[in-house]
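Generate the whole structure from the sequences, applying the supplied hints.
Listed below, chain by chain, are the residues.
2 protein chains.
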Amino acid sequence: MKIYTKAIFFLGITICCTHQINAQKQLYNYVDPMIGSEGVGRVFIGPSCPYGMVKPSPDCTSSPNSGWLPMPKEVTGFSQVHVSGTGGGPKYGNIQIMPFSGALDKMDQTSFRAEENVKLGYYETVFKENNIKTEITTGEKVSFYRFTYPKNTSKELKIDPGFFLGEEKIPDAREAQQFVGSQIEIVSDTEVRGYSRIRGGWNNGRAYTVYFWAVFDQPIAKYVTFKDGKFYNNQKAQFDSGKKTAALLSFGNTGKEELNVKIGISFLSELKAKNNIEIEIPHWDFNTVLSTLENKWENLLSRIKVSEDTSEDYKKMFYTGLYHTMIMPVDRTGENPLWTNDEPYYDDFYTIWDTFRTSSPLITLIDSKRKVDIINAMLNIYKREGYLPEGRSGNDNGRTQGGSNAEVVLADAFVKNLKGIDYELALQAMLKDATVPPGGNEEKEGRGGLMDYLKLGYVPYGTDRAGNRTIDYAYNDYNIAIVAKGLGKMDLYNQYIKQADNWQNLWRSDYENNGAKGFIMPKDKDGNWLDDVVFGESKIQKPTFKYTPVIIESPWYVCHWCVFFYEGNSWEYSLSIPHDVPELIRKSGGEKAFEDRLNTFFNSDLYNVANEPSFLTPCLYHWIGKPYLSSDRIRTIIKNNFNTSREGLPGNDDSGAMSSWLAFHMMGLYPNAGQPYYLINTPLIKETIMQLENGKKFKISAKKMSDKNKYIKAAFLNGKAYNKAWILHDDINNGGELVLEMDSKPSAWGTTIFPPKK
Amino acid sequence: MKIYTKAIFFLGITICCTHQINAQKQLYNYVDPMIGSEGVGRVFIGPSCPYGMVKPSPDCTSSPNSGWLPMPKEVTGFSQVHVSGTGGGPKYGNIQIMPFSGALDKMDQTSFRAEENVKLGYYETVFKENNIKTEITTGEKVSFYRFTYPKNTSKELKIDPGFFLGEEKIPDAREAQQFVGSQIEIVSDTEVRGYSRIRGGWNNGRAYTVYFWAVFDQPIAKYVTFKDGKFYNNQKAQFDSGKKTAALLSFGNTGKEELNVKIGISFLSELKAKNNIEIEIPHWDFNTVLSTLENKWENLLSRIKVSEDTSEDYKKMFYTGLYHTMIMPVDRTGENPLWTNDEPYYDDFYTIWDTFRTSSPLITLIDSKRKVDIINAMLNIYKREGYLPEGRSGNDNGRTQGGSNAEVVLADAFVKNLKGIDYELALQAMLKDATVPPGGNEEKEGRGGLMDYLKLGYVPYGTDRAGNRTIDYAYNDYNIAIVAKGLGKMDLYNQYIKQADNWQNLWRSDYENNGAKGFIMPKDKDGNWLDDVVFGESKIQKPTFKYTPVIIESPWYVCHWCVFFYEGNSWEYSLSIPHDVPELIRKSGGEKAFEDRLNTFFNSDLYNVANEPSFLTPCLYHWIGKPYLSSDRIRTIIKNNFNTSREGLPGNDDSGAMSSWLAFHMMGLYPNAGQPYYLINTPLIKETIMQLENGKKFKISAKKMSDKNKYIKAAFLNGKAYNKAWILHDDINNGGELVLEMDSKPSAWGTTIFPPKK
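Protein chains in written order, with the numbering used here: chain A, 1 to 758; chain B, 1001 to 1758.
Treat the hints with care, since some could be wrong.
Only pairs whose alpha carbons sit at most 25 Å apart, straight line, appear in this in silico DSS-like list of lysine-lysine [unchecked claim]:
(1) A/Lys236 - B/Lys1236
(2) A/Lys525 - B/Lys1525
(3) A/Lys639 - A/Lys315
(4) A/Lys419 - A/Lys432
(5) A/Lys236 - A/Lys106
(6) B/Lys1316 - B/Lys1699
(7) A/Lys383 - B/Lys1243
(8) B/Lys1432 - A/Lys432
(9) A/Lys703 - A/Lys639
(10) A/Lys542 - B/Lys1489
(11) B/Lys1626 - B/Lys1704
(12) A/Lys525 - B/Lys1432
(13) A/Lys455 - B/Lys1432
(14) B/Lys1243 - B/Lys1106
(15) B/Lys1369 - B/Lys1419
(16) B/Lys1592 - B/Lys1745
(17) B/Lys1383 - A/Lys244
(18) A/Lys525 - B/Lys1455
(19) B/Lys1455 - A/Lys432
(20) B/Lys1542 - B/Lys1525
(21) B/Lys1525 - A/Lys432
(22) A/Lys710 - A/Lys315
(23) B/Lys1244 - A/Lys383
(24) A/Lys757 - A/Lys587
(25) B/Lys1243 - B/Lys1230
(26) B/Lys1703 - B/Lys1639
(27) B/Lys1542 - A/Lys489
(28) B/Lys1128 - B/Lys1151
(29) A/Lys169 - B/Lys1383
(30) B/Lys1383 - A/Lys243
(31) A/Lys455 - B/Lys1455
(32) A/Lys485 - A/Lys432
(33) B/Lys1169 - A/Lys383
(34) B/Lys1525 - A/Lys455
Please keep in mind that the hints were generated in silico from the structure rather than gathered at the bench.
Below, the structure is given as structure tokens:
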């Protein structure tokens, strides 16, 4: 596959329109970066290489997370670093540029868009005010801009390293990015260098620095530099004195209307950014940059091929799903300013709480060598900084939301036999999370509330997010147990497999709600169940709040990350025990009661499609021998919530979490991350062929599938009858074919052999 | 005083030899930077402004802490950043330069010294091999070098941003500085820019970057650049790819023999380093730089004047003591790469465990406005990073050795009424230390072992440094109590004044050793005293070690920072209860037993003059009404251990800790840091006049003092009989005179009113 890619790449240089000739055949054409861009999806819409370090995109006013907002919002400029699908305070938005026409006398060059076109690797807009066209494509570490100015108008460009997303009036407000410093130098009549240094943002991270080197294919005719509100003529440089700096450049109104700009970025230095340009894009051919990017994506996307008869919409939803999954975390190998950098280095784990369930397993399936690099980067972060990342951005760990979910990622790699990982080191890193409290900042890394968890077997009410922390820690302990067992450390296994039951310590078995009995509920340090919970810290007032399993909101004066369950309620979390569904069923009153409970959950709008805690829940019918009900739920959820529109994702995409949930289900597979199998559901795509990195192929075919024939009647793995509604990763990895025979009625298939138990 | 300084400064420009004309009268001439440079003192010997950011000095082979080692050790070059008096793994040693003559074909230009001369602000050496003379002086952020090459030889210079101190074969060995990256660019024929990025060192800190801008007063005739073992002709820049870079420059063999070089440094950027040169040293006059530095020191040193009849040796010891006290921490205001930098910012608290006892109080006395800035910088570190510094270097907190001694510094400022500090914030910062365990890295900041300390009232054996941590935490709790009381928070006062007794929980009252009874001894979690303590973690072997109060060493396999008492034994630490000497005396069996104990301590070599834990102990006779015995001990200790030689300090100077202990005792005062008084002892200087920053003066005169008349017979404060052997800070700060009448015999003076109690 790689050889093929290279061939295309070189063809791309000699025949510049290769990508257009092959357009209809190539899979990247099915990627629509606008899916999930509006509403709650918040996906990054600009061009990006797979796991690409540079992510150029327009920044619209009012600080959106991905930079972009739909028209008619104004565009303040185009910055080079963004994230995809995140919530909370924005991060990045560094090194902003903006074309304009006119005097070099004001920093604000905000414009409205007259049009906008986006496809994979390509962004285009024309500004209303001045008719300037902006086109963007990108390399791994270098953005490429083509500006076309109207005939006979003057060509100006702002370069603003003082800009960043998420600026707030209170500079050190929680989650606000905060300005630390910036610098700019006009190096020659075709080069500008500088940097932006910012701290904070959603992960409350330490200062990070984005260095840049910009080159132009036309000489600068005139310029002013800017610092702290003032413009300076004939001053080539504005040094960093903790103030915002920028430059306004004029390329005159003669010569060609097209101005090409390359912006190399680096986290090490401006010269490294320059070198990144020289290595990656030594030429001025926009189309070559674009076709190189397209080929990189084609190489990855073509690892899963779908049958020709798949609808255009499904192809778009599926390949866009794969695409969204592989734009983060970000490959910063060779760009690590914190330690020697000849090892893989990844940043923007944003966050593993979101991605461990589906994004991470999907990368394992499509791009397992990359996954090994990502995990080795995580282990290096542990070695050098003391803890695995849970969230990480701007070269700093933070924040945790629930568990220390790197454990799931490591266990998932272990049970799926990924090679090239030091699992002894991995276990040591996991044990650090499980035994050493993170201390002063209990939401940066590790496990907040750990001492209580170890002492009491649960996190007591009073510690932020006590409920979901308890549940996640129990699962993370299970992950540790599995790896320990695999490494022959039975003492550790015995200890952690026991701790994996800790979720039961918050199970209030007599508590009833909406016809269901037994819920994860708040308990205090002394072991008392709490019906009313105290909020606030006033010594005089003791405001309380009735806590029930359907409550998700909290009083206005309580921060949303301080509640018992983070971004969810007890109904959701009381169904989120991925390692011990059989015990959960037993505790819920047996199979019948559990089925009723699931039905109530989905039928009474207690299920929240917009967030990750309930990702696995539609599949729980598998454990009561009714996989067809799982498939029914999944089909309905997808039909009602996912589509090819700009609002086609029902929640924050969170680095591809939503998108990969969809992509898995479209294939008819769903991973239980950290465990070696996938659940089998009715796919949306009739035929899927995975080209595995080991050279083997695995095909999933749903015979006679239609809107009506939506139930699996029988299955055959490599020609042999297969009665399990789940399949081991090894069975896929060994290559072969899974044939599903479809029917219009539920059958007995998959009803007797339940998924592997704890 | 400031106006006077400025006048001198401008005179310095017009009459370049001002500093020589006034030489005999000015106090800076009594500073000998070589005192304490050999043996264990490890003081920085190069030129430095007070609290100066740049500290240029030779680096000798084998990684010394201050860079310098005595002849005949080879010099590898001169780097721009150093620390003074430290132990453990070296820090800094960045941006090394080295003059040489010959081909541009090798990085190693190491030379032997033929001569070397050092005075305040000035370093000079001539190399044996090539007769090149190097002279160095410095500004706050800019080093100034004057190289004189022999006639008709070619003038070459190495600039090596890849160099750093403390490199080890195992790159991430504990306490080793580790290379992260470097970069160099020949900007023009008179300018070079670049940086050095290093992590680790004694405080195991995150990566820091020292940027530089070098300018020459002669044009570069020829150069090669260097990267990762190879030389490059005609390549002006070597970008950062995680490899060592450097440049060899030739200034030819024509023109003047003198090459002047200015090296600006910055922690923000190269352009900021350039700006630092432009602002601070816009000219090429070596002598002006030197006289400016001398005047800065003169301004500070002249705040304490000693009588004319003081011996030359005593003047040298005293003023060098003041000098050593004020070269660290380092003023990096405007150079903070971590957050907006318009507030005071200091780095290189190295460490407060060393400096809280005497350095910090001496700065309060001489330079209280500076002290307020330093404390505000500490509070900013708390605000932005979550914890006050205990140690801090390279923009990162770390390490702790005993307590969270920032508490002592804050309490000291509070009881001495320093204005301009938000003491509510200070209390909040102190309470963070006292209540929130630092977590994952228990030696970076805060209080390691805190949970046990809070639960048990002591740190149990098994936690590193359990003994001295318990003692220090108890004192730090006392500091909190005092500030809380002063702010009217009696609940907090009551809680912490109780915790201040926690040292008693490790007091093993029936334990006898060398005739003394009662010692701080190791106790396990269950409350059992341990006679034999386990070392090592083997499951098969259970090696034990008999623990006694005289033991300081540990078995070879135990790290020296993991023992029960850090850098001391129980004899020392069992006398280190600075907030409750009366109770210590009671527990030791009363006044007689305590006097015997002290005598045994000093007469049997149990006292360790080389380290800080016993700094206060010679004064403890005050609390049994025998201050003359304190004075006797102090005089003997000074006579036997301190002098004007290069080995004139008996231990690591630790940012001036040893030096300030000496300076206080020479004046006849000794602070009990964190408490509002100074103990009065027989001074070594007959008359001391302090010029306080509030405009007032305070004079201490010892009338008729001689080698024989070494006992205080009577004292008079502002003419009134004064019978206390201690004096309040306020009494000094209000101005006035303390007259001590001396006699040849101990008297009843100071024997009845003991120092203030807890």
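The hints, checked one at a time:
1. A/Lys236 - B/Lys1236: 20 Å, holds
2. A/Lys525 - B/Lys1525: 22 Å, holds
3. A/Lys639 - A/Lys315: 15 Å, holds
4. A/Lys419 - A/Lys432: Roughly 23 Å separates the two Cα atoms, so the pair holds.
5. A/Lys236 - A/Lys106: Roughly 18 Å between the alpha carbons, so the hint for lysine 236 of chain A and lysine 106 of chain A holds.
6. B/Lys1316 - B/Lys1699: 20 Å, holds
7. A/Lys383 - B/Lys1243: 21 Å, holds
8. B/Lys1432 - A/Lys432: This hinted pair holds, its Cα atoms lying about 23 Å apart.
9. A/Lys703 - A/Lys639: 21 Å, holds
10. A/Lys542 - B/Lys1489: 22 Å, holds
11. B/Lys1626 - B/Lys1704: 21 Å, holds
12. A/Lys525 - B/Lys1432: With a Cα-Cα distance of about 22 Å, the restraint between lysine 525 of chain A and lysine 1432 of chain B holds, given a limit of 25 Å.
13. A/Lys455 - B/Lys1432: 23 Å, holds
14. B/Lys1243 - B/Lys1106: 17 Å, holds
15. B/Lys1369 - B/Lys1419: Holds. Lysine 1369 of chain B to lysine 1419 of chain B sits at ~9 Å (cutoff 25 Å).
16. B/Lys1592 - B/Lys1745: 21 Å, holds
17. B/Lys1383 - A/Lys244: With Cα atoms ~23 Å apart, lysine 1383 of chain B and lysine 244 of chain A stay inside 25 Å; holds.
18. A/Lys525 - B/Lys1455: 16 Å, holds
19. B/Lys1455 - A/Lys432: Roughly 23 Å separates the two Cα atoms, so the pair holds.
20. B/Lys1542 - B/Lys1525: Holds: lysine 1542 of chain B and lysine 1525 of chain B sit about 18 Å apart, inside 25 Å.
21. B/Lys1525 - A/Lys432: Given pair lysine 1525 of chain B, lysine 432 of chain A holds - Cα atoms ~22 Å apart, limit 25 Å.
22. A/Lys710 - A/Lys315: 19 Å, holds
23. B/Lys1244 - A/Lys383: 23 Å, holds
24. A/Lys757 - A/Lys587: 15 Å, holds
25. B/Lys1243 - B/Lys1230: Status holds; Cα separation ~11 Å.
26. B/Lys1703 - B/Lys1639: 21 Å, holds
27. B/Lys1542 - A/Lys489: Roughly 22 Å between the alpha carbons, so the hint for lysine 1542 of chain B and lysine 489 of chain A holds.
28. B/Lys1128 - B/Lys1151: Holds: lysine 1128 of chain B and lysine 1151 of chain B sit about 16 Å apart, inside 25 Å.
29. A/Lys169 - B/Lys1383: 18 Å, holds
30. B/Lys1383 - A/Lys243: 21 Å, holds
31. A/Lys455 - B/Lys1455: Holds, at roughly 14 Å.
32. A/Lys485 - A/Lys432: Given pair lysine 485 of chain A, lysine 432 of chain A holds - Cα atoms ~17 Å apart, limit 25 Å.
33. B/Lys1169 - A/Lys383: Given that 25 Å is the threshold and the Cα spacing comes to 18 Å, the pair holds.
34. B/Lys1525 - A/Lys455: Distance of about 16 Å is within 25 Å: holds.
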